[in-house]
Amino acid sequence: MTATATTAPPEQAAARARRLSLLNVAFELRAFIALAVLIVIFGVLSDSFLTVPNLITMTKHVAINAVIALGMLLVILKGGIDLSVGSIVGLSGVVAGELLGGLHVGGVIAYPPVWVVIVLCVTVGMAVGGVNGLLVTRFNVAPFIATLGMLYVARGAAMLISDGATYPNLGGNPSLGNTGFGLLGSGRPLGLPTSIWIMIVLAAVVVLLLAKSPFGRWLYATGGNERAADLSGVPIRRVKTLVYVISGACAAVAGLIIASELTSAAPQAGETYELNAIAAVVIGGAALSGGRGTVRGTLVGAFVIGFLADGLVILGVSTFWQILIKGAVIILAVMLDQGQQRFKRRGAAAAAVAASKEHH
Amino acid sequence: MTATATTAPPEQAAARARRLSLLNVAFELRAFIALAVLIVIFGVLSDSFLTVPNLITMTKHVAINAVIALGMLLVILKGGIDLSVGSIVGLSGVVAGELLGGLHVGGVIAYPPVWVVIVLCVTVGMAVGGVNGLLVTRFNVAPFIATLGMLYVARGAAMLISDGATYPNLGGNPSLGNTGFGLLGSGRPLGLPTSIWIMIVLAAVVVLLLAKSPFGRWLYATGGNERAADLSGVPIRRVKTLVYVISGACAAVAGLIIASELTSAAPQAGETYELNAIAAVVIGGAALSGGRGTVRGTLVGAFVIGFLADGLVILGVSTFWQILIKGAVIILAVMLDQGQQRFKRRGAAAAAVAASKEHH
Amino acid sequence: MTAPTAGPVLRACEVTKVYGGTHALKGVDFPVTPGRVTALFGENGAGKSTLMKILAGIEQPTTGHVELDGRPVRLQSSRHAADQGIAIIHQELSLCPNLSVQDNLFLAREVRTGFGAVDRKAQRRATQAVLDRLEEHADPDGLVGDLRLGQQQVVEIARALLQEARVLIMDEPTSALTAPEVEVLFRVIRELTAAGVAVVYISHHLDEALDIADDVVVLRDGLLVATARAGEVDIRWIVEQMVGRDQDTLFPDREPVLGEEALTVRDLTVADPAVPDRLAVDGLSLTVRAGEIVGVYGLMGAGRTELLEALAGRLRPVSGRVLLAGTPLDGPGIRERIERGVVLVPEDRQRDGLVQTMSVGQNLSLAALGTFVRGLFVSQPREHAAVARAITDVTVKTSGATAAIGSLSGGNQQKVVIGKALLTGPRVLLLDEPSRGVDVGAKADIFELMAAQARHGLAVLFTTSDAEEALHIPDRLLVLARGALVGEFRRGELTREELMRVSDGGIQAGFPAGHQDGAG
Amino acid sequence: GGGDQPAASAPAGTAGAAGGLIAIITPSHDNPFFKAEADAAKAKAESLGYQTSVASHDDDPNKQSELIDAAISRQAKAIILDNAGADASIGPVRKAAEGGVPVFLIDREINATGIAKAQIVSNNSQGAQLVAQSFTEAMKTKGNYVELVGKESDTNASVRSKGFADVISQYPDMKAVAKESANWDQQEAFTKMETIIQKSRDIQGVIAGNDTMALGAVAALKAAGLLDKVTVVGFDGSPDAIAAIKAGEMHATALQPAALGATSAVEQADQFIKTGKTGKEEKQSIDCELVTADNADEFGVFARK
Ligand SMILES: Nc1ncnc2c1ncn2[C@@H]1O[C@H](COP(=O)(O)OP(=O)(O)OP(=O)(O)O)[C@@H](O)[C@H]1O
Ligand SMILES: Nc1ncnc2c1ncn2[C@@H]1O[C@H](COP(=O)(O)OP(=O)(O)OP(=O)(O)O)[C@@H](O)[C@H]1O
Ligand SMILES: [Mg+2]
Ligand SMILES: [Mg+2]
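Residue numbers (the numbering used here), protein chains in the order written: chain W, 1 to 360; chain H, 1001 to 1360; chain R, 2001 to 2520; chain D, 3001 to 3305.
No wet-lab data here; the hints were simulated from the structure.
Just so it is clear, the structure is predicted and the values come from calculations on it, not from any experiment.
Some hints here could point you the wrong way.
[What the hints assert, rightly or not] Straight-line C-alpha distance at most 25 Å; calculated DMTMM-like pairs for lysine to aspartate or glutamate:
{"id": "1", "chain 1": "D", "residue 1": "Lys3151", "chain 2": "W", "residue 2": "Glu271"}
{"id": "2", "chain 1": "D", "residue 1": "Lys3151", "chain 2": "H", "residue 2": "Glu1098"}
{"id": "3", "chain 1": "D", "residue 1": "Lys3151", "chain 2": "H", "residue 2": "Asp1230"}
{"id": "4", "chain 1": "D", "residue 1": "Lys3222", "chain 2": "W", "residue 2": "Asp230"}
{"id": "5", "chain 1": "D", "residue 1": "Lys3151", "chain 2": "W", "residue 2": "Asp163"}
{"id": "6", "chain 1": "D", "residue 1": "Lys3175", "chain 2": "W", "residue 2": "Asp163"}
[To be verified] In silico negatives: residues of chain W with every beta carbon more than 12 Å from chain R:
{"id": "7", "residue": "Ser48"}
{"id": "8", "residue": "Trp115"}
{"id": "9", "residue": "Asn169"}
{"id": "10", "residue": "Pro174"}
{"id": "11", "residue": "Asn225"}
{"id": "12", "residue": "Gly291"}
{"id": "13", "residue": "Trp321"}
{"id": "14", "residue": "Leu336"}
[Claimed, not checked] Chain D side only, calculated, beta carbon under 8 Å to chain H, not exhaustive:
{"id": "15", "residue": "Ser3028"}
{"id": "16", "residue": "Asn3062"}
{"id": "17", "residue": "Ile3090"}
{"id": "18", "residue": "Gly3091"}
{"id": "19", "residue": "Ala3138"}
{"id": "20", "residue": "Ser3153"}
{"id": "21", "residue": "Ser3285"}
For each residue, glycine too, the CB sits at the ideal point set by N, CA and C.
Working from the sequences, and respecting the hints, build out all of it.
Here it is as structure tokens:
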């Protein structure tokens, strides 16, 4: 009976499903393992690594990259890429600085309250993302190019608005009722820094979005087989545009966190952050070709990169080694991924042969 | 009757072919036009722009990006991307610095002659490119990731070798017989800087390679439709690996030119050069999806970027505006390209309909 | 020509469609009647799918228009058409392999809970229901990518059923289905028509289509050549209308002069690249002699493509031996095999055959490029001469070697792919569905070409999904089912009915889908 | 002075054979120090009747060399340069000299003499020692401190670091618990500082290679609630830092009189253009001034008010 090899009655189908899901777990474990290894190594080499406060601090550092990476994940799930996030980080900080410094409307200077500032900054991020989306969907410019262009445009805008200067003490002024911006960075609701909470909430939202909302299905479909999605009536253009908008918003939030932590905003903030975000998503097992990737993986990826950086600092490893090691880790992670995929296929084939053999 | 309907009779087909080729020319002119516009504008706004010495100087600047871009063109024709070239520029300079400073073999210090140094540096570049190729072909890591990793690895290596320091006066020492390195940058055979000659020669070689050699045809085929190329017996793996090796070599040459011009080598040289090279290739009308792109276009693209930068400096436009304008130009160029492509398609379809009309 | 009785719900009016240089439709007027099954017949490339795509809003007619309930409509998109109650089962699977069955079924039509989230329970229930109705045992939450091709096609059908459309278009819904699965489908179709749904049915299995049909419409080369009541016609008539000429002129009779054994295959086993834990070719053995034309027939998913791709060196077999004129061909990859005289004309010319960015000439010379090299460079004169020769040999209709490949018709593109293969001077010619998406004229040329090559002593091995071809072209016909050889016949030994039965892998109706008694 | 008038309407011939182009090349203006420097030079040059072209080399030696090429081929009368590397800049400067364009270096020197007409550098080592001195005093010459170094590939980073060491090494009770590079960057200084704090909270001082990094450290210390126990000093004398000093968040910084250096460079250039000599020897160093809470009010943008 070659039946087992060719077609699967329910119980076998279930079996295969189980097997695959197991493999999937193993495959995501890959990233976890990498993380575990890091933690162990650093934990052994430095007793100040595995302390609660240090873990919290490192997580806080991870949060910024993670927030950007979550947006990037959506773009990559769609099969695109967003190089402009780093510049958006800078731009959003600058806009915050400008607004907290007061708006000159007519003769008077208006000081918008912090929540307005935050909303406006995120809007700016979404706007830049919107332009990316427009270029990709309407003018079908390749995502790489469109977002590369916006990388320069957004950075240039940030520089021009701030005239290259840094906005100092964004603490705000009680008399002007625009205080509280600092909380974003230095607040510690329930003992955890705000940025960590933001990461957690955002991650939860994205998980819901991907797992439960129709949009999530549409996104995976578009990334998996755009033509099929289109034929099924998925509004692929809207989906595509939306992911860039979300990615822009995430970057803007990251920019706000940074500005708030430093209570000052520099226009050159966020340079090359896009690379870290992409690295996190990819280490987390997402495929740049689209359709494959998870929030869990992305978070793990962000932790790998963040812990690696901080750990090396604690060990006092030279910055030069830090650069080299980072590159090696990125490549290794992805090679592992590929290896696993191939291994998976070979294993399956072997099984199939065995199955058919015993029936001849 | 129906036979003639399914395919247009020769004369009409010929007419269509002519129209298409015309459009093709127009389409390549696009980049030329952009360049012309730039030259005119700057020529009008500044009398020091269109002077022979200035044009030579600007071309000299263009040469460096052009050399890298020619390598990048091959990678992009194949449908890949090479983010590591910037780091290779730095690495090759550092290696040159190290070698010209003398090799400690055993007790004695050996001073390799300049040509050996050059060969070794280019070899290093090819090696890095080889690793890229290996990762892409053997471990099928996505080109973006593989070369992103190598971007860090190569930069880290450069930093570690040089310990972050710059190698001063690479002029060499007559007594050690390792002089002449400076010529690469400051030499002016037949009145033109060496770097310009290098660009010209390299461009000529690449043109021959693409137009006349089997490799060129294989490359276009691989980029145009990898599966079809594979089935036609094209050694796609070798082709793919080779383009990364060549790209690495080109980047190394660029690194040498820079080091020689400055008669000193800094490990951080070449940061973000990959973006300029990619921009040049894309502005030149190449498709990131592969299979489409020309040397002429790439050179024009490099000139557009170079003249834009220098021109804006001469006009005294602020650096901030320069960044923004650069981004805008990249996006515009590609949008134009896309527009033209669509127009082209429509034209062809229209022609076909016309043809069919006459038969019914 | 008899007109349908009840007023048509959907109608294509004087529709023409042009793709690049191809005229897929030339002023077709096609009505779809409620409560009836309209079977659409036509050879490969006749324009069936194109017409359906236009009715389903996927393609826009170049000229002419579509009428719904007698009123002209512009169906901008498949979604728009679906909202009008027009559902389509696509000829080529259009599913997302990375999504579960239920996600695919409800893609862009998700059932939502109060909070606007996807209501998985409801969807699973509905999915289970429709799968049961089709007697398919797939797991609603399993990944579509893990399903057998046949099962995937059932999912495709299920999706269309879920839409509860007024017009249901089925373009080759059974190309990967076994007889029992087809029975189930027909039962469902009858239920639908009883409920007043208008069904358009397209299939290369003529008798099967004629079984279910109420009305018969025949397309040829983009023209509507005949309509009739199913009761009034027989397959012979349909075939004549389809082919438009006497069979024998399309399928020239030939007396093969057989030479040595050119290709020998011993228990070849190949894993399916798409679904690794499935064997696409399962311990298959065959031989082809010089001067012989051997055909391979089977359902879609039978493993023909994998067989040929393994022979051409694209797929690594799991086990088995391949001999070329007695000497082993194991090991070497595509390139070496081409040099040794084994070359493949792939199934999907867009995907595997042509480089769209290159000219006709460059496509033709690609595989044989090495032979034109002089010193470092490709010798232009030699290449041009060879290309010119190839263009005349395989009779490509083109404005010249420099023309864009996209400007050619489907048939001529296919000829270019064949010409490319022949330029390598092969001893064994493998062709995977060479007549797919090609008009009648080109088709005849292609068969003539195969015959000519055979006369020159080439061994020709080709696959087909078309019973007529299977019965008339090859000197010897091999029938494949699920990767195993289930029958071998000389020309004329076999009737269409027998062929249909055999190609299911000798399944007695009633067995659960997909089981087989490894017959052969 | 009224140096803000555009180049076109510059009063030609205010001083005999004046006029012509002066190229001003500095690192990226996204650092206020270089912006101040460039603005001062521009204003001065235009007030002397020169045209100016201001550009930034973003610390890319190659871009710097390109900008110098451009200046040469435009027959600039002089180049005011804040260079992109003590070694990497020698070649380009020589090239300019050979091209007949005198180069006047400001802020950073190069490892060669006799090719630039003047090297007017704020005395980094002196400034560093000044800061370090006041740093050690504030720390009562004992305790653990962190040093944040600038970009390793930048000479000023090492010069300042060395200046710090010269002073601090005299006090055996001062221990460096960490020495990290933060690439002159605020966010990076913030992150690294936070991590270092995790390593040990027993820190009494932070000495940073520039004010941007110092302010990053301040933010981190504030977040960790350590600021009041820790003495932070920086370098440059940026307005932000001075504000922080007034606010008592930073202890001190060494102000480099950017404006002063730039203007005197232009004056000497003007001299040289007219008389063929600068009247000063090549290496001139302008001492940095220590800014603390006591004298913070006396300073404006990189200059005494
Ligand atoms: N997207 C396309 N681009 C170019 N030509 C096309 C396209 N789609 C179809 N054609 C051409 O139009 C003609 C009709 O194609 P169509 O798919 O409608 O035929 P068909 O009757 O469905 O054939 P089959 O029975 O093989 O499905 C063929 O010559 C085909 O090559
Ligand atoms: N059980 C399956 N599950 C998923 N994909 C399949 C399955 N069987 C076949 N396929 C894919 O469908 C395509 C065609 O099927 P295959 O080549 O195996 O048989 P075939 O007889 O060549 O069918 P075709 O009529 O498509 O040529 C191939 O790409 C194959 O990978
Ligand atoms: Mg069809
Ligand atoms: Mg097939």
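Verification of the supplied hints:
Only pairs whose Cα atoms come within 25 Å are accepted, and Lys3151/D paired with Glu271/W is accepted, the gap being roughly 15 Å. With a C-alpha separation of about 21 Å, the suggested pairing of Lys3151/D with Glu1098/H holds against the 25 Å cut-off. A distance of roughly 48 Å separates the Cα atoms of Lys3151/D and Asp1230/H; the hinted pair therefore is violated under the 25 Å criterion. For the hint linking Lys3222/D to Asp230/W, the alpha-carbon distance of about 53 Å lies beyond 25 Å, and the restraint is violated.
Under the criterion of a C-alpha separation no larger than 25 Å, the hint pairing Lys3151/D with Asp163/W is consistent with the structure, at around 23 Å. With a CA separation close to 40 Å, the supplied pair Lys3175/D and Asp163/W exceeds the 25 Å bound. Against the 12 Å criterion, Ser48/W stays outside the reach of chain R, whose nearest CB is about 43 Å from its own CB. Every Cβ of chain R is farther than 12 Å from the Cβ of Trp115/W; the closest lies at roughly 25 Å, confirming the non-interface assignment.
No Cβ of chain R comes within 12 Å of the Cβ of Asn169/W; the nearest lies about 43 Å off, and the non-interface call holds. Listed as a non-interface residue, Pro174/W keeps its Cβ farther than 12 Å from every Cβ of chain R; the least gap is roughly 40 Å. Remark: the non-interface label on Asn225/W conflicts with the geometry, its nearest Cβ contact in chain R lying 5 Å away (cut-off 12 Å). Remark: the non-interface label on Gly291/W conflicts with the geometry, its nearest Cβ contact in chain R lying 5 Å away (cut-off 12 Å).
The Cβ of Trp321/W lies farther than 12 Å from every Cβ of chain R, with a closest approach of about 38 Å, so its non-interface assignment holds. Every CB of chain R lies more than 12 Å from the CB of Leu336/W, the least distance being 19 Å, so the non-interface label holds. Checking Ser3028/D against chain H by beta carbon gives a least distance of about 7 Å; that is within 8 Å, so the hint holds. For Asn3062/D, the interface hint holds, the least distance from its beta-carbon to any beta-carbon of chain H being 5 Å, beneath 8 Å.
Interface hint at Ile3090/D: satisfied, since its Cβ lies 7 Å from the closest Cβ of chain H, which is below the 8 Å cut-off. With its C-beta approaching chain H no nearer than about 4 Å, Gly3091/D sits inside the 8 Å limit, and its interface hint holds. Checking Ala3138/D against chain H by beta carbon gives a least distance of about 30 Å; that is not within 8 Å, so the hint is violated. Annotation: interface hint on Ser3153/D holds; nearest CB of chain H at approximately 5 Å, less than 8 Å.
Annotation: interface hint on Ser3285/D violated; nearest CB of chain H at approximately 21 Å, more than 8 Å.
Hint check: violations occur at hints 3, 4, 6, 11, 12, 19 and 21; the rest are consistent with the structure.
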